[in-house]
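Residue numbers (the working numbering), protein chains in the order written: chain A, 1 to 230; chain B, 1 to 230; chain C, 1 to 230; chain D, 1 to 230.
By construction, these hints were calculated from the structure, which means they are not laboratory data.
Don't take each hint at face value.
[To be verified] Derived lysine-lysine pairs resembling DSS-like cross-links, with alpha carbons at most 30 Å apart:
#1 18/D / 32/D
#2 210/C / 110/B
#3 157/C / 2/C
#4 170/B / 112/A
#5 173/C / 112/D
#6 83/C / 25/C
#7 208/A / 83/D
#8 194/B / 109/A
Number of protein chains: 4
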Amino acid sequence: MKPIVAINYKAYPTSFGKAALDIAKQAESVAKELGFQVEIIVIPPFTELRTLAQAVEIPVFAQHADAVKLGAATGHIPLEIIKDTGAAGVMLNHSENRIRIDQIDYVVKKAKELGVRTLVCANTPEVSAAVAALEPEMVAVEPPELIGTGIPVSKAKPEIITGTVERVRKVSKDVVILTGAGITKGEDVEAAIKLGTLGVLVASAVMKAKNPREVILDMAQAALKALDQK
Amino acid sequence: MKPIVAINYKAYPTSFGKAALDIAKQAESVAKELGFQVEIIVIPPFTELRTLAQAVEIPVFAQHADAVKLGAATGHIPLEIIKDTGAAGVMLNHSENRIRIDQIDYVVKKAKELGVRTLVCANTPEVSAAVAALEPEMVAVEPPELIGTGIPVSKAKPEIITGTVERVRKVSKDVVILTGAGITKGEDVEAAIKLGTLGVLVASAVMKAKNPREVILDMAQAALKALDQK
Amino acid sequence: MKPIVAINYKAYPTSFGKAALDIAKQAESVAKELGFQVEIIVIPPFTELRTLAQAVEIPVFAQHADAVKLGAATGHIPLEIIKDTGAAGVMLNHSENRIRIDQIDYVVKKAKELGVRTLVCANTPEVSAAVAALEPEMVAVEPPELIGTGIPVSKAKPEIITGTVERVRKVSKDVVILTGAGITKGEDVEAAIKLGTLGVLVASAVMKAKNPREVILDMAQAALKALDQK
Amino acid sequence: MKPIVAINYKAYPTSFGKAALDIAKQAESVAKELGFQVEIIVIPPFTELRTLAQAVEIPVFAQHADAVKLGAATGHIPLEIIKDTGAAGVMLNHSENRIRIDQIDYVVKKAKELGVRTLVCANTPEVSAAVAALEPEMVAVEPPELIGTGIPVSKAKPEIITGTVERVRKVSKDVVILTGAGITKGEDVEAAIKLGTLGVLVASAVMKAKNPREVILDMAQAALKALDQK
Chain A
1 MKPIVAINYK
11 AYPTSFGKAA
21 LDIAKQAESV
31 AKELGFQVEI
41 IVIPPFTELR
51 TLAQAVEIPV
61 FAQHADAVKL
71 GAATGHIPLE
81 IIKDTGAAGV
91 MLNHSENRIR
101 IDQIDYVVKK
111 AKELGVRTLV
121 CANTPEVSAA
131 VAALEPEMVA
141 VEPPELIGTG
151 IPVSKAKPEI
161 ITGTVERVRK
171 VSKDVVILTG
181 AGITKGEDVE
191 AAIKLGTLGV
201 LVASAVMKAK
211 NPREVILDMA
221 QAALKALDQK
Chain B
1 MKPIVAINYK
11 AYPTSFGKAA
21 LDIAKQAESV
31 AKELGFQVEI
41 IVIPPFTELR
51 TLAQAVEIPV
61 FAQHADAVKL
71 GAATGHIPLE
81 IIKDTGAAGV
91 MLNHSENRIR
101 IDQIDYVVKK
111 AKELGVRTLV
121 CANTPEVSAA
131 VAALEPEMVA
141 VEPPELIGTG
151 IPVSKAKPEI
161 ITGTVERVRK
171 VSKDVVILTG
181 AGITKGEDVE
191 AAIKLGTLGV
201 LVASAVMKAK
211 NPREVILDMA
221 QAALKALDQK
Chain C
1 MKPIVAINYK
11 AYPTSFGKAA
21 LDIAKQAESV
31 AKELGFQVEI
41 IVIPPFTELR
51 TLAQAVEIPV
61 FAQHADAVKL
71 GAATGHIPLE
81 IIKDTGAAGV
91 MLNHSENRIR
101 IDQIDYVVKK
111 AKELGVRTLV
121 CANTPEVSAA
131 VAALEPEMVA
141 VEPPELIGTG
151 IPVSKAKPEI
161 ITGTVERVRK
171 VSKDVVILTG
181 AGITKGEDVE
191 AAIKLGTLGV
201 LVASAVMKAK
211 NPREVILDMA
221 QAALKALDQK
Chain D
1 MKPIVAINYK
11 AYPTSFGKAA
21 LDIAKQAESV
31 AKELGFQVEI
41 IVIPPFTELR
51 TLAQAVEIPV
61 FAQHADAVKL
71 GAATGHIPLE
81 IIKDTGAAGV
91 MLNHSENRIR
101 IDQIDYVVKK
111 AKELGVRTLV
121 CANTPEVSAA
131 VAALEPEMVA
141 VEPPELIGTG
151 IPVSKAKPEI
161 ITGTVERVRK
171 VSKDVVILTG
181 AGITKGEDVE
191 AAIKLGTLGV
201 LVASAVMKAK
211 NPREVILDMA
221 QAALKALDQK
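Pulled out of the complex, with its shape left as it was, chain A reads as follows (with noise of 0.2 Å):
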């Protein structure tokens, strides 16, 4: 399997327009570097949707996805606009954008009949077992109170991860885990993949850096080396 950095463009100054474009071209840059052998993954917001889908060649994600069908729902976007775009999944549940579990539950199947992505974050590994049970490709475990502090949750809580990897495998053995919150390096990639996931969600790290190239490398370097060591 390959390891994963998915990278949550959240609604920063650089998430939308020109530097947006420029974020993800720099990561599809840094994915055909290492020979597409990690997957990095842009969410940006649903206004770049369809120019980043156009541009990159590596997986675009959208940041969320409403429980609606296609139809008289002003404001919302179902998953069917946003397959249109030629994104090829979506987040759901971000700590900044928590939904109810019926409505996780009603995207997840309805990406699975359309052939979309998913990856569902959660706060705790109870909660990620909870996702886990609605079977989306991937679950991301993101305490929130270390979301863009900057202190790895792989440093200061390892024992989420432990405990989330533990939980989720009782209850599905295919869902891949991410780590998020805090990671900024190569170094918390790492820590991630050693304590049993299979890759980080990041945001603030690589939106407001000042080369973005380089820390994409940085976590994508890290991440294949340490799946190697495992």
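Let chain A serve as the given structure and place chains B, C and D on it in line with the hints.
Same frame as chain A, but now just chains B, C and D:
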């Protein structure tokens, strides 16, 4: 294990004031008549918790609790207040009051600390398994499209009940499973128990009944009979 | 017109059970001492409404009401239930429990039908004018950044109060205007009334006081004095 | 003042991709045919904003904006991003996407700073007046029970339109008032303008039409004619 008949009062004209108390007394009288071999739970609105908890010996549950701490939480009801009323437990995530999975996790964990019982609702087998991963005492599966219809899920969609039992048991051996939606009489309770659950969550069938005691007795006797035959 | 001191109980350790009742009794005792020339309103959690409404002669308000009809509304509290508890009114849209403008419209209209009094919170002069357009009995302006700080809005941002009075009066001549956020003593109440409002909405200053009666008396006397001087 | 036909794309099968662009082009072609004497606004999903804003000369509005700052706001779309797409404005508080009054206040204020136009929906005359107090550019009154029915509010409930005009004008002289819900043809637009509003907010009548251009032209011509006769 005792079979369970949990009565969700909702917010009907009979759900508060004297009518609410009368129904609780009738439920208690049925429980006594059956030697407390069936656990009958009443679940009134917040405003009735103190009165009912003081008036009857059967367990009183709140219809919801907010995932907040004691403090600056205007309009919200933390679990500490629910416990203080004398209520024995809390229902969470009813289809008319869905909450987020991280909120269910928060309240279930706090309930364990405070010694408060928990009953978490779910709409599908997958969501039932998800909430079971949080290890509440009880999970009630209720397909929302059947709630209030009088069409029992045990007849209309028995595969939802059997599917729930199967999925939940993979995640948790201990969590008690209840059947909800469209349950109106003893026969439906019997079917629910034969399909592998330990009881039912009912509402309108009792709350809108001319003779609530009769309906509760019918259900409780059927539950007892069905469990004996297993 | 009588000056108003409205006490939002929030969900503090003193907001329920015996402590809640004691504070209501103390508020009532102050109201009596001042010959009911100051209107003192207590606003406890849903669970305490019946007990307090039966125990004291001063008005008891709910902290919120849901914009739903009597019926299938699990976990929600329609206004009919609030009225049945003996409560005289309802507070809506507190900063810790914001609701939608159409929901405020729904509850305010129903409150008029049922003879229930209404106090709607707002965060800015513009939002105060907006809710005043719905013609509730009272509007309380509370800049959220000052709530619970002990820094009175009347000192920190007097222009918010005067701006609110000006904007609200363009929309409605009748709605009563209250000042909230950071009010801790008589002096703050006096300032609020001198700036053109008819009283205050307070919370922690009373609920966390060693001697709540003393704080309430200080505020009520200051309100009376300030109004006399106008 | 120019009459207005605002087309809410919602999330129909025609609301994204090539169909979305085609309808925008047809709307633009009608606007040109009428010498831009009628303002035709298209309101597509977030994902289509960039494409449409670059493709047509008529104003493109977003269906919603979140009351958040640029930054850590996963899955949310701040107004700065909407502006960056080239969109001219934003619609807020549609019945399928109601938001809180403090959120409307936040976005309307920011829109003024950024030079973004605003159209705020409301369900009743009272709520229309309330949102008018926030001084957006436009208010659209739409009784939700008529949305999508094809029964024009101008026929079914003309008093809602005249009541809205009356109440809004007490609060604001400048805000433009639009009529929505059940508008399907030129005749309905004419009635809406004769009742005192400056145009319409439509959706399914255009988005589900076999020939959207024909419907838009019919409405725009009727708007022009009705305004001329006043």
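Return the numbers of the hints above that this structure violates; sort them in rising order.
Violated: none.
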